[in-house]
Every structure is written in C-alpha cells, then in structure tokens.
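Protein chains in written order, with the working numbering: chain L, 1 to 307; chain Y, 1 to 299.
Treat the hints with caution; some may be incorrect.
Quick look at which bits of chain L chain Y covers, simulated, 3 or more residues with Cβ under 8 angstroms [what the hints assert, rightly or not]: (1) 28-38; (2) 74-84.
In silico DSS-like links for lysine-lysine, alpha-carbon gap of 27 angstroms or less [claimed, not checked]: (3) Lys110/Y to Lys19/L; (4) Lys23/Y to Lys14/L; (5) Lys54/L to Lys67/L.
Source of the hints: derived by calculation from the structure; they are not laboratory data. Backbone N, C-alpha and C fix where the C-beta goes; we use that ideal spot for every residue, glycine too.
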Amino acid sequence: MSIDLQKRPFGSLKESGMKGVFLTFAFISIVTTIGIVLVLLVETADFFREVSIKEFVLGFRWSPTIKPTSFGVWPLVSGTLYFTFAVALIALPAGLLAAVFLSEYAGRRLRSAIKPALEILAGIPTVVYGYFALVYITPLLRTLMPGIKTFNVLSASIVVAIMIIPTVASISEDAIRAVPQSLRQAGSGLGVTKFQVTTTIVLPASLSGIISSFILGISRAIGETMAVTIAGGNLARLVNPFKPAEALLKPIQTMTAAMVEIGMSDVTGDSTAYKSLFAVGFTLFLMTLTLNVVSQIIKSRYQEKYQ
Amino acid sequence: MSRVIRESVLSSGKDNINSEQLKGKLFLALCIAAILFGLLALSALLIYVFRDAVGWLNWQFITSPPSRFASKAGVYPMLIGSSFVIMLVAIFSLPLGVGAAVYLEEYAPKNFFKKIIETNIANLAGVPSIVYGLLGLGFFVSFMDMAHGTILVGALTLTLRILPVVIVSSQEAIRAVPDSQRRASYGLGTTRWQMIRSVVLPESMPGIMTGTILALAGAIGETAPLIMIGAATSIFTAPRGILSSFSAMPLQIFAWSDFPGDDFQHGVTPAAIVVLLVILLAINGAAIYIRHRFSKNRP
Chain L
1 MSIDLQKRPF GSLKESGMKG VFLTFAFISI VTTIGIVLVL LVETADFFRE VSIKEFVLGF
61 RWSPTIKPTS FGVWPLVSGT LYFTFAVALI ALPAGLLAAV FLSEYAGRRL RSAIKPALEI
121 LAGIPTVVYG YFALVYITPL LRTLMPGIKT FNVLSASIVV AIMIIPTVAS ISEDAIRAVP
181 QSLRQAGSGL GVTKFQVTTT IVLPASLSGI ISSFILGISR AIGETMAVTI AGGNLARLVN
241 PFKPAEALLK PIQTMTAAMV EIGMSDVTGD STAYKSLFAV GFTLFLMTLT LNVVSQIIKS
301 RYQEKYQ
Chain Y
1 MSRVIRESVL SSGKDNINSE QLKGKLFLAL CIAAILFGLL ALSALLIYVF RDAVGWLNWQ
61 FITSPPSRFA SKAGVYPMLI GSSFVIMLVA IFSLPLGVGA AVYLEEYAPK NFFKKIIETN
121 IANLAGVPSI VYGLLGLGFF VSFMDMAHGT ILVGALTLTL RILPVVIVSS QEAIRAVPDS
181 QRRASYGLGT TRWQMIRSVV LPESMPGIMT GTILALAGAI GETAPLIMIG AATSIFTAPR
241 GILSSFSAMP LQIFAWSDFP GDDFQHGVTP AAIVVLLVIL LAINGAAIYI RHRFSKNRP
C-alpha cells in the first residue's frame with residue numbers, strides 16, 4: 001500500500017514523524033505491563049526483606065496493622081477462593097443458560113430487548129452492587145436465615161454473580177452462535193428434540209468458547225473488589241474446608257478487600273503494611289494473569305473451525 | 001463430534017419421547033429462570049434505589065458538601081471531582097488510544113511485534129482494576145514523587161486502566177473503513193498520513209467516539225484504584241485544579257454505604273447512587289446518539 005507518488009522532503013519528514021508518534025503510543029501498552037510487573041516486583045522484594053517468604057506463603061494469620069503483626073496470606077487466599085467458588089456456583093450455570101436461551105430459544109425481537117438490559121447490568125459500578133447487597137439483599141436473606149451476619153459471603157457472592165453473568169453469557173453466546181446451522185439441522189433431521197440438539201450437538205461443539213468464558217468469569221470474580229469489601233466484611237480468617245456451608249453466612253476477607261483496608265488506613269510508604277499491599281497485589285496479579293492466559297489459549301487452540 | 005451425535009441419537013430410544021419432551025421443557029424453564037434472575041435483580045436494584053432516593057435527591061443535595069447530618073449532606077465536591085477526573089482521562093486517553101490503534105491498523109507490519117502488542121493489550125484488559133491502583137501508587141506517587149490523592153494521579157491511573165479498551169474499540173472502528181477508500185485517497189496522490197487524517201480518522205470517528213465514551217463511563221464508576229492512590233473517600237471542598245486532592249462519586253457512595261442510621265442507608269446513599277446512575281445514563285445516551293447520528297449520514 002505504500003505508494004508514495006511524490007517524494008517531498010518535508011512531507012516525508014512529517015510522515016515518519018507521525019509514524020514515530022503512533023508507534024510510541026502503541027508502545028505505552030508494553031510500558032504499562034512492564035510498569036505493573038516492576039512496581040509489584042520491587043515492592044514485593046522489599047517486603048520479603050522484612051517478612052520471610054515462609055511466613056507469607058505458609059502463615060495462617062493476617063494482621064498487617066494491629067500488633068502483633070503477622071503476614072500469613074492464607075486467610076486471604078482461602079477467603080478469595082471460597083468467595084470465588086460461591087460466585088462461580090451461581091454465575092457460571094446462570095450465564096451459560098442465559099446464553100443458550102438467547103441464542104437457541106429467544107426470537108430476534110426478544111433478544112434485542114434482553115441484550116441491552118444485560119449490558120446495563122454489566123455497566124453498573126461495583127460500589128452500587130456492594131451497597132445493594134448490604135442494604136437490601138442481606139436483610140432479605142435474614143428473613144430466611146436468621147443467623148446470617150450483617151457482613152457475609154452469601155449476599156456478596158450473589159451480587160458479584162449478577163455482575164458477572166453478562167460477561168459469561170455474552171462470550172458463551174458468541175461461541176454458541178458460531179456453531180453452524182447445518183449441524184443443528186442434521187440433528188433435527190435425525191428426529192431428536194431441540195433439547196437433545198442443544199445439549200448433545202451445540203454445547204459440545206462450542207465447549208472451548210464456553211470454558212474460556214467460565215475462566216474469564218472466575219478471573220473477574222477473583223479481582224472483584226468493592227462489592228465484596230462492602231458486603232463481605234473485613235475479617236481475615238481461614239475458611240474451614242470441612243464445613244463449607246457454614247462460612248457462607250459469616251464475614252471473610254478477600255485479597256482485594258484486604259488491600260482496600262490497608263489503602264484506607266494511614267500507613268506510611270516505608271512501613272511493612274504498605275509493602276504487604278504489593279505482595280498481596282502480586283499474588284492477585286499472578287492468579288488473574290494465569291487464568292486469562294489459559295482462557296486465551298483454550299479459545300484459540302481448541303476452537304472448532306467451521307469454514 | 002460425529003460420534004457424539006450418533007451415540008446420543010441411538011441412545012435416545014424411540015419409546016420415551018414424552019420424557020424427552022418433558023426434559024426439554026424443564027431445560028427451557030431453567031434457561032428462562034437464568035435470564036429472569038439477572039433481569040429481576042436489575043429491576044429490583046433500580047426500583048429500590050430510586051424509591052429510597054425520593055425526598056433526598058434535590059438541588060440542595062447536589063450543591064452541598066457532605067455532612068454528618070443526613071438532612072444537610074450533599075455530593076457537590078465529589079461531583080466536581082468526578083467531572084474533573086473524567087475530563088482529564090478523556091483528554092489523555094483519546095489521543096493515546098487512537099494513536100496506538102492507528103499504528104496497529106495502518107502502519108504496523110503483520111509480524112511478531114504486532115502480535116506481542118495485541119496480546120499484551122488483551123492481557124492488560126484483564127488485569128483487576130485494583131492492580132492499576134497499585135501501579136499508580138508505586139509509579140506516580142512513590143517513584144515519580146507526585147503528591148498522592150490528586151486529580152492528576154487519579155486521571156493518569158484511570159487512563160492506563162481504560163487505554164486497552166479504547167485501543168481495541170478504536171481498532172475495530174478503523175478496521176471497518178473499507179480499503180477502497182484508502183486506495184481512492186492514494187490514487188489522489190496523498191501520503192499515508194494525509195490519507196489517515198482525511199479518510200480513515202473522519203470515517204472511523206463515530207465508532208471511536210462511541211467506544212471511548214463507553215470506556216469513560218466505566219472509568220467514572222471505578223473506586224478501588226482511586227482508594228489505592230490515596231484519594232479521600234469524602235471531602236468537603238471542591239477541587240480547584242488538577243493538583244488538588246479530591247474525592248469522586250463512587251468513593252463517597254462507598255463511605256456512606258456502611259454509615260449507621262436509616263437516613264444514610266435508605267436516603268442519602270441511594271440519592272448519591274441515583275446521581276451516579278443518571279450521569280452514566282447520560283454518557284451512554286450520548287454514545288448511542290453519536291452512533292445513530294453519524295450512521296444515518298451514510299449512503
């Protein structure tokens with residue numbers, strides 16, 4: 001495409017100048033990534049000069065500001081995983097079923113009415129969801145379960161699931177729509193019901209896209225901050241893996257909520273608590289990055305290609 | 001694939017057609033329930049919040065600073081703070097995002113380097129927003145030694161946060177410009193930059209603006225990154241310039257959300273949420289308007 005019919009000295013100077021400017025702008029994204037990794041690495045390394053890696057990775061008590069301080073990350077990691085599991089239990093099936101409804105059952109008019117509503121759902125700020133959980137959902141749950149605490153995992157995970165359903169639904173729907181009509185018709189031609197066509201032909205054929213939407217949804221839940229901070233409470237404690245249901249009605253603290261707590265307190269730049277912020281952030285970053293990369297690989301490598 | 005189909009068809013005996021139809025109906029009911037769950041939650045949220053905001057949301061609420069007393073509380077400083085930050089984010093992110101998109105679509109050869117940048121952008125879009133807050137804190141505040149909690153630091157942090165979204169949507173808009181128009185421009189003897197300036201950018205501007213505006217709407221709701229860079233959750237005077245410390249609407253909602261007292265929980269906080277939602281609605285409306293206004297003029 002680069003047919004320069006006229007070679008003008010000033011013109012070409014401007015040409016390469018503009019190209020250089022745009023290249024620099026594109027390069028900012030690389031610099032951002034390097035910046036994130038460097039900031040997290042440098043401060044985390046600083047943190048490990050004061051707290052042993054063993055205490056951080058294997059410790060069972062998280063108390064960054066209240067003495068005696070302790071920086072065991074397990075309560076936060078277990079809190080995050082527990083919360084994420086609860087969210088996934090609601091959001092993944094609901095998101096997938098919503099996607100199936102939109103692509104297989106809903107007519108064009110119904111679909112064009114529901115899609116914008118789901119987009120609105122995804123566009124509402126997470127603080128609003130947190131408030132909604134704390135002020136409306138928890139009291140509602142209390143009428144059913146009197147023992148529920150003011151801050152609890154259940155209502156936080158319900159609202160975060162509502163937030164994530166549109167993401168899961170829209171990516172799954174794209175995958176389901178990519179299954180060619182001829183496969184569905186072949187199924188119908190064999191005389192099976194629409195339910196069988198959907199569950200035995202359409203869903204297996206779009207499995208890679210569905211799984212990548214699931215992983216992306218889980219990654220979003222792990223990184224979710226405000227709703228779980230407001231409604232889930234700020235009590236760093238280990239979840240008893242043998243009595244999982246019990247913890248639903250009690251407060252926990254996720255990694256993100258712990259970061260907000262430190263960020264809100266007036267810790268100074270050279271304190272251990274300040275540096276622990278970056279160690280937790282780094283853990284969070286590694287978890288979400290791994291999930292996002294896995295999701296991309298599954299999507300690109302295992303996607304069924306139809307012409 | 002084909003084996004799966006054959007097996008399932010063979011196994012679905014001919015004698016239990018009725019039970020298959022029942023299963024189908026149950027499945028459809030589940031699908032509808034899943035959709036209704038989201039839609040009902042949305043309606044409930046809007047209905048409750050708007051109902052509770054009635055009586056609290058008035059001119060005095062919009063023009064007053066926050067207060068310990070619910071009847072005197074307002075959101076004026078946060079409204080100004082949010083507006084300031086978003087304007088700065090728009091000024092930073094539009095040229096940077098569009099420039100990067102122009103490079104990737106119009107200049108970059110299809111090679112390894114381009115692929116790295118695009119993969120990197122996709123990954124950046126998936127980084128949790130609170131990590132961008134750490135970037136802002138560690139880089140702008142600690143390393144560059146900028147004062148924490150200022151509008152400038154907040155805007156720079158949020159710019160980095162939304163840049164991946166702006167770049168990707170701008171790329172899509174630029175890609176939608178037909179190649180024939182580029183060739184026509186070259187045929188008139190223009191250079192590449194002249195072609196971009198007079199053909200690609202004007203043609204793709206509605207798409208670029210729509211994508212950017214929606215990204216800005218997302219930035220208005222961001223809370224966690226602003227807490228990380230040390231923005232106040234509540235402030236009594238409106239910021240005067242880009243180096244003033246500030247607070248934003250979602251931060252104030254966060255601060256008020258667990259304020260004790262019914263007046264705050266069921267009055268002041270919903271009123272602040274309605275203000276935020278109305279701003280978001282207006283921004284989304286603007287994006288939709290731009291999309292329609294400019295697509296109508298097409299032949």
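To see whether the hints hold, each was checked on the structure:
1. 28-38: Held - the region 28-38 of chain L has 7 residues with a Cβ nearer than 8 angstroms to chain Y, which meets the minimum of three.
2. 74-84: With 0 residues in contact (Cβ-Cβ under 8 angstroms with chain Y), the coverage given for the region 74-84 of chain L is violated.
3. Lys110/Y to Lys19/L: 16 angstroms, holds
4. Lys23/Y to Lys14/L: 67 angstroms, violated
5. Lys54/L to Lys67/L: 20 angstroms, holds
Going down the numbered hints, you'll see the structure goes against 2, 4, while the others check out.
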